[in-house]
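Protein chains in written order, with the working numbering: chain E, 1 to 245; chain F, 246 to 928.
Because the hints were derived from the structure by calculation, they are not lab data.
Take these hints with a grain of salt, some might be off.
Unchecked claim - DMTMM-like, lysine to aspartate or glutamate: derived pairs with alpha carbons at most 20 Å apart:
1. F:753 x F:521
2. F:697 x F:687
3. F:921 x F:908
4. E:170 x F:631
5. F:632 x E:190
6. F:424 x E:107
7. F:764 x F:281
8. F:616 x E:181
9. F:616 x F:668
10. F:616 x E:190
11. E:170 x E:238
12. F:762 x F:429
13. F:686 x F:598
14. F:632 x E:232
15. E:170 x F:629
16. E:109 x E:224
17. F:753 x F:539
18. F:632 x E:137
19. F:362 x F:476
20. F:680 x F:629
21. F:632 x E:61
22. F:680 x F:668
23. E:109 x F:546
24. F:632 x F:593
25. F:632 x E:60
26. E:109 x F:429
27. E:170 x F:637
28. F:527 x F:539
29. F:616 x E:238
30. F:764 x F:532
31. E:170 x E:94
32. F:738 x F:546
33. F:696 x F:679
34. F:424 x E:110
35. F:616 x E:120
36. F:616 x E:118
37. F:753 x F:419
38. E:170 x E:60
39. F:424 x E:114
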Amino acid sequence: MIPLFSMERNTSEVGQPVRGDNVMDPLTRHDTIERHAVRILLILYFCRDHPYTPSFRLTDDDTHVIETEGKLQKIDFWIRYPDHLAAALLRGCEADGQLVAAGRMDDVKDLVREIFREREPVLRWVPMLKYLRGAYEPLDNVMVFLTSRNLAYRRIVERGHRTRYILTRKGYDAVQLMLQECPETQWYADRCRIINSYFGHLNSFEIRRLQYLEGNYAATPYREMIVPVEAEVRRRFERLFGESL
Amino acid sequence: MITFNELVKQVDAKLAGQRGRRDPISTEIIEEILGEVGIAGLIQPTGEGGTAKKLQVRQLWIRGRKWQSHGLEPIEFSYHRTLGPGLNGWVAGNGTGKSTVLKTIVWALTGVEPNFKPDVRTWLEDIAVEIDISGDGIYTIRYSPRPSSQVSGRIFAQPLDSALSTEEPVGSVESFSGKPAMTEAIDRFFGSRMGFSPLEGLEWKRHTMTLTSQVTSWDVYSQALFISADDYSDYLFPSRSTNGQYHQKTLGAYLDMHLLEALSKAQAEQLRAQQDYEFERKRVEVDAARIRDEINRLEDELRHVESRLERIDAEQTVLLDPAFVHHVREEVSQSTERVVALTQQLHDWETEETRLQNDLNQAQRACQALKESIEFKLFLSGLEVEKCPHCEASIPQTRVVEELETGQCRVCGSHLQPVSSVDAQQVLLGRAEEKVGELRKDLRRIGREHKKVAAELEQAQQELEVHGAEFSDLSRQEREGFTSEMRTLVDAKGYLRGQLERLREQTKEGRGPHLRKLKRRQDVLRAAHSVLQAAISQSHRGVLEILESRTTDTAQTLGVGNLERVFLNDRFDMFVKQSNETIRFQTMDIGEQLRLKIAFHLSLLSLRTQNGLGRHPNLLIIDAPGSAELDEQRFSAVMRGLVDLTDQLGDQVQILIASTRDELLDLCGADQMEYKQEGETLF
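Start from the sequences, fold in the hints, and give me the full structure.
Here you go:
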């Protein structure tokens with residue numbers, strides 16, 4: 001049933017991330033909280049952790065967990081900045097990169113080519129700010145939305161250290177239905193699968209370290225927008241494969 | 246095994262033996278050509294190709310809907326069968342689905358869609374085939390041939406039951422969407438696991454002079470695991486569409502022959518060299534007459550210019566032309582001004598283009614954001630608020646009518662806001678899409694202007710260069726008293742000489758050395774290809790002889806009359822010696838073709854299991870053999886041959902066979918057989 005009234009006032013305002021003084025992109029006014037909520041739900045669904053704390057068990061009402069907010073934020077960043085994801089993939093293909101050893105260079109080449117052919121760094125870019133530990137965006141509003149609908153919730157495990165994000169059974173069912181009914185979710189689902197396939201084994205610190213290897217990312221001042229690295233990726237691709245993007 | 250030096254020697258001998266050869270080729274040139282194309286590196290032994298793997302189909306599952314006419318509801322069906330090693334059979338009448346079942350397996354194993362009956366193809370919705378690759382693991386290939394001309398699916402490193410689970414499947418090793426993607430994914434998957442390396446090559450595009458690159462890999466090799474119904478005109482593949490060109494590569498891969506890569510390379514390079522030579526030869530021939538006429542014309546013109554210059558020289562007086570000097574200076578100045586103006590204009594257009602491109606990017610990003618927002622909002626609006634987001638306590642489900650009456654929030658009691666609809670976003674999306682259209686139009690216009698100005702700038706720069714050169718030459722011209730006519734004549738003389746020099750290079754005589762070089766290259770590579778072909782055949786003669794002799798024996802058992810010998814030539818085309826006559830396989834009677842084909846495949850299977858030779862996957866799929874071509878007696882002989890082989894080889898091989906004939910029931914164990922009586926269908 002579609003409710004006639006909602007608890008949210010104006011969702012486009014609620015969905016507006018905190019930007020500080022640097023209003024980066026006038027087009028973020030088209031963002032809605034639903035868009036952010038769906039992205040977070042899909043990350044929880046596809047990029048879950050296997051809980052490693054012996055004392056922690058998912059209840060029957062919950063299905064997936066991501067153990068740290070940092071990891072969630074860093075994966076979110078790669079979805080919102082396809083060029084930074086391409087940069088990280090290409091880094092893995094450099095002389096001592098792990099993807100060379102794994103024989104996945106050709107896959108990466110095709111993938112990066114596809115990202116640029118589809119103009120994803122332009123069309124799929126959703127700007128994000130840099131805080132003390134890299135890309136970050138407050139998720140309070142999104143979690144209010146998801147928790148009130150019993151789709152996901154979060155728990156602070158060690159105050160100041162770790163926040164666990166949990167997908168409920170209802171959230172799991174909603175994602176499955178959404179994958180069938182909403183064609184726009186397919187791109188996000190594919191992107192999550194790709195990130196999981198290449199970087200799923202890394203923890204929050206390792207992903208952060210990888211993202212910090214990009215000079216522009218590391219040099220971005222506190223609370224400023226992280227800039228795209230499209231040109232750098234094109235240069236790196238040409239150096240690695242001898243072809244232009 | 247042949248070495249590079251032996252290859253060079255044999256090529257040398259082959260070329261020397263060619264009658265009427267006027268252009269002898271030294272061994273150094275042969276070495277240089279073969280080394281240049283990289284054949285030397287491919288001849289060195291590269292080590293073993295890895296352990297040979299066995300492939301077996303363990304389970305098949307099909308789900309779909311039979312569409313009916315007259316607007317009746319479709320009938321849902323599902324089919325499942327567990328398969329074991331040895332002989333597995335289907336006995337049922339025509340049109341009961343036997344071929345469809347086998348073809349779904351063939352599709353999964355080859356990645357290439359077989360020819361289904363068009364109506365049956367539309368029934369299939371979800372197919373899963375569980376396979377066992379010895380020493381590697383159990384996998385499930387699950388694919389959905391929907392919509393009717395497409396296919397998508399995944400390969401899981403899991404048994405069929407897990408791959409069909411309703412949970413989000415994990416352990417997917419490949420995924421594909423579209424027919425070419427499926428072929429590539431299956432190719433990658435089996436090629437690496439079964440140890441079948443792809444071979445790159447070139448082939449002529451039909452009816453053209455162009456070469457296209459072509460890769461022979463698992464999608465070709467695996468076709469030889471399937472004997473289809475009704476077409477037996479090729480002894481190795483299900484049909485003749487491949488025209489025999491893949492016999493050598495495929496059998497070479499199955500028999501684990503070395504030198505295949507070198508052969509493939511030599512073939513490709515030979516074709517390329519042939520194309521280069523033929524193209525150049527034709528070009529020279531076609532151009533020869535035109536070039537000769539052109540040279541004659543230019544030589545006449547040059548003679549005329551030179552005689553006029555001589556006459557002017559004879560009566561020359563010193564002549565200063567200050568008006569001309571002034572004129573040239575003016576032209577240089579005007580050209581410079583024009584170049585500066587056009588450069589500025591070009592810069593302005595570039596800036597405008599960048600600005601518009603940024604606007605377009607923003608508008609397109611807005612469209613994307615709005616589309617997602619609308620879709621997600623519509624979906625999520627169907628989910629009710631169940632909990633307080635702060636304390637997470639459940640909220641009692643107040644009836645909507647009551648909320649409407651009170652107009653108050655059930656949580657805090659405040660006045661309710663109307664649900665935000667997507668109308669606003671729809672309007673914005675419409676505007677954004679409109680803006681995208683306008684910006685694209687503007688960008689196209691700016692692009693045209695940009696191009697126009699760039700062309701004008703180029704022209705202006707050329708003019709400036711000409712005027713600059715003329716200006717810097719003025720002092721000399723003034724000093725020597727050039728007249729404007731002399732200037733024109735000297736320019737014409739230089740131009741004509743340059744043209745003549747260029748044209749003389751293009752004549753038959755001028756192009757001779759280049760043509761001879763291309764011809765030498767073509768001859769060397771052709772000879773190398775032929776030497777390598779023979780070398781493969783000779784160095785594996787032992788294996789081929791066992792295969793030929795076993796095929797001969799088996800074919801005789803299966804009732805191929807008066808058969809003396811079966812043999813393969815260097816290109817691996819099949820011939821038989823029958824009643825003292827040598828006959829090509831393709832020209833045999835269709836019933837004999839079928840028996841010989843089955844005999845060949847059974848011999849190929851037993852070669853791996855009994856002699857440990859080659860890397861055949863030990864799997865054979867046979868669809869309804871010879872319903873029209875074999876009488877009862879011959880059919881029984883073929884079936885007995887199959888049973889004898891599976892008895893001898895035990896669990897080492899797997900044969901899947903479908904037939905309309907009940908005789909198969911007597912030869913196959915009941916647990917390995919699916920039988921349908923008249924009127925019954927498989928699904």
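query = Does the structure keep residue 762 (chain F) and residue 429 (chain F) at a Cα separation of 20 Å or less?
reply = 39 Å, violated
task = Take a quick look at whether residue 616 (chain F) and residue 190 (chain E) sit within 20 Å of each other, Cα to Cα.
result = Judged against 20 Å, a Cα distance of about 18 Å means the pair holds.
request  = Measure nothing beyond the straight line between the CA atoms of residue 738 (chain F) and residue 546 (chain F); if it is 20 Å or shorter, mark the hint as holding.
outcome  = 9 Å, holds
key: Given pair status - residue 190 (chain E), residue 632 (chain F), alpha carbons within 20 Å   = 31 Å, violated
query = Under the criterion that the straight-line Cα-Cα distance not exceed 20 Å, is the pair residue 109 (chain E), residue 224 (chain E) satisfied?
reply = Distance of about 31 Å is beyond 20 Å: violated.
Holds or violated: residue 527 (chain F) to residue 539 (chain F), with C-alpha atoms at most 20 Å apart = 19 Å, holds
request  = Would you mind confirming whether the straight-line C-alpha gap from residue 170 (chain E) to residue 238 (chain E) stays at or under 20 Å?
outcome  = 46 Å, violated
task = Below or equal to 20 Å on CA atoms is what counts here, so check residue 632 (chain F) against residue 232 (chain E).
result = 46 Å, violated
ask   = Taken at face value, is the distance from the CA of residue 521 (chain F) to the CA of residue 753 (chain F) at most 20 Å?
value = With Cα atoms ~16 Å apart, residue 753 (chain F) and residue 521 (chain F) stay inside 20 Å; holds.
inquiry  = For a C-alpha distance cap of 20 Å, please report whether residue 170 (chain E) and residue 631 (chain F) respect it.
reply    = 11 Å, holds
message = Given the hinted pair residue 632 (chain F) and residue 593 (chain F), is their Cα-Cα distance within 20 Å?
response = 58 Å, violated
request  = Measure nothing beyond the straight line between the CA atoms of residue 424 (chain F) and residue 114 (chain E); if it is 20 Å or shorter, mark the hint as holding.
outcome  = Between residue 424 (chain F) and residue 114 (chain E) the Cα gap is close to 18 Å, so the pair holds against 20 Å.
Going down the numbered hints, you'll see the structure goes against 5, 11, 12, 14, 16, 18, 20, 23, 24, 29, 31, 33 and 37, while the others check out.
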